[in-house]
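Counted the way this note's numbering counts, the sequence shown spans residues 891 to 1288.
Note that these hints are calculated values from the structure, not bench results. We treat Cβ as the ideally placed atom computed from N, Cα and C, and that holds for glycine. Among the clues, some could well be false.
To be verified - Have a look at the derived ranges for each label pair, beta carbon to beta carbon:
| # | residue 1 | residue 2 | range |
| --- | --- | --- | --- |
| 1 | Phe1072 | Glu1041 | 17 to 23 Å |
| 2 | Gln1104 | Asp1234 | 48 to 54 Å |
| 3 | Tyr1235 | Asp983 | 41 to 47 Å |
| 4 | Asp1234 | Ser1187 | 14 to 20 Å |
| 5 | Asn1196 | Asp1288 | 42 to 48 Å |
| 6 | Asn1196 | Ala1006 | 37 to 43 Å |
| 7 | Glu1041 | Asp1288 | 30 to 36 Å |
| 8 | Asp1214 | Asp956 | 19 to 25 Å |
| 9 | Glu1096 | Ala1251 | 17 to 23 Å |
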Amino acid sequence: MTVRHFLHAILMVGTTSLAFADDVLPGIDVLVRDEFRQLAGARVALITNHTGLSRDGQGTIRLLHDAPGVDLVRIFSPEHGLEGKLDIPLIDDGADGETGIPVISLYGELRRPTAATLADIDTIVFDIQDIGTRFYTYISTMGNAMIAAAEHGVRFVVLDRPNPINGVSVEGPVLDDGLQSFVGFHRIPVRHGMTVGELALLFREELALDLDLQVVRTEAWRREQFFDDTGLAWVDPSPNMRSLRAALLYPGIGLLETTNVSVGRGTDTPFELFGAPWIDGVSLAANLNARQLDGISFAAMVFTPNTSTYAGQRCEGVRITITDRTRLRPLTVGFAIAEQLLRDYGEAWETQRYLRLLGNAATLAALLNGKTAKEIEAVYRPELDAFITRRARFLLYD
891 MTVRHFLHAI
901 LMVGTTSLAF
911 ADDVLPGIDV
921 LVRDEFRQLA
931 GARVALITNH
941 TGLSRDGQGT
951 IRLLHDAPGV
961 DLVRIFSPEH
971 GLEGKLDIPL
981 IDDGADGETG
991 IPVISLYGEL
1001 RRPTAATLAD
1011 IDTIVFDIQD
1021 IGTRFYTYIS
1031 TMGNAMIAAA
1041 EHGVRFVVLD
1051 RPNPINGVSV
1061 EGPVLDDGLQ
1071 SFVGFHRIPV
1081 RHGMTVGELA
1091 LLFREELALD
1101 LDLQVVRTEA
1111 WRREQFFDDT
1121 GLAWVDPSPN
1131 MRSLRAALLY
1141 PGIGLLETTN
1151 VSVGRGTDTP
1161 FELFGAPWID
1171 GVSLAANLNA
1181 RQLDGISFAA
1191 MVFTPNTSTY
1201 AGQRCEGVRI
1211 TITDRTRLRP
1221 LTVGFAIAEQ
1231 LLRDYGEAWE
1241 TQRYLRLLGN
1251 AATLAALLNG
1261 KTAKEIEAVY
1271 RPELDAFITR
1281 RARFLLYD
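Construct the entire structure; sequences and hints are all you get.
Given below as structure tokens:
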């Protein structure tokens, strides 16, 4: 026994596992280790993209294609396509370049599998890295596919992965009933603190789906861990989600996307900055720093996006630096920024579409009525607490 394994054995004694980072295994690795017994004899449609990778970088597509006793018939791809490079409104069907297996886009004419695409399938497998925010659409694709699987009597298997921004912190307003959409699949808060496997369990029960659901759990992940605690390699989940820092800020900064503010798309660091031609960056940074928000600081900057909002236009704004991610509360930051924008630029800041991602009318009303970030939180806190109670029995990890 090596020293490392001896220490590991000691640390595993008792009620709390203090596993080493390189012990964290995504669901696909567990499947490989178990010699694919969970899929023995299955005719599989795989929902995946470029993030479907084992610890050693092998693609889930190739692993299932080559697995004995598994017949990989079809692939479904989410927003941004199979390679995660596309940032366009609709994505066409195609084929996997390595295996030649047909790829059906679930971000094109279809948003969920149809009877025809499931006619020769008995199992759908889902393996995509999520980032822990309600309006990031990979979980919507999963939920839609679960509904289709239930309708057509197809088993659904989730190869689970860690929540990269941890599985403890839960923040923001719960989606209003009636505001469900592709950027708001289910009544969960903006930062849900769950893995895709846990969300699948919650979706099945709360949507009353008659579904044979199996979650192949991630092993040795602890809820308090961030992605860089896992020993897994970061792969940009989408073209503008380029770092764990961006993922941590996204629940709050992403809310600005439906307004006339650039969130850094078209720059090297999306979601780590924001601004507009009508903003005074020096003044805004000073006002935000004066709030002394936990775990974060702001610096004035000038930038010119080359795509998206204000492409080619000079913007002033702020760069965001995370100083303590354990204290950072991105929704608090997002609402503090919104409060400051309303105070300083009320006539210039366009908020008509802010509800689309926020998803909670009472919270929006509090914001537009000039409430502070703390007062806004008090509006949605009861529903958030109720969600925390709802989610507790679906949690798979300590």
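Each hint tested on the structure:
no.: 1; hint: Phe1072 / Glu1041: 17 to 23 Å; result: holds, 18 Å
no.: 2; hint: Gln1104 / Asp1234: 48 to 54 Å; result: holds, 51 Å
no.: 3; hint: Tyr1235 / Asp983: 41 to 47 Å; result: holds, 44 Å
no.: 4; hint: Asp1234 / Ser1187: 14 to 20 Å; result: holds, 19 Å
no.: 5; hint: Asn1196 / Asp1288: 42 to 48 Å; result: holds, 44 Å
no.: 6; hint: Asn1196 / Ala1006: 37 to 43 Å; result: holds, 41 Å
no.: 7; hint: Glu1041 / Asp1288: 30 to 36 Å; result: holds, 35 Å
no.: 8; hint: Asp1214 / Asp956: 19 to 25 Å; result: violated, 44 Å
no.: 9; hint: Glu1096 / Ala1251: 17 to 23 Å; result: holds, 21 Å
Checked against the numbered hints given earlier, the structure breaks only hint 8 and satisfies all the rest.
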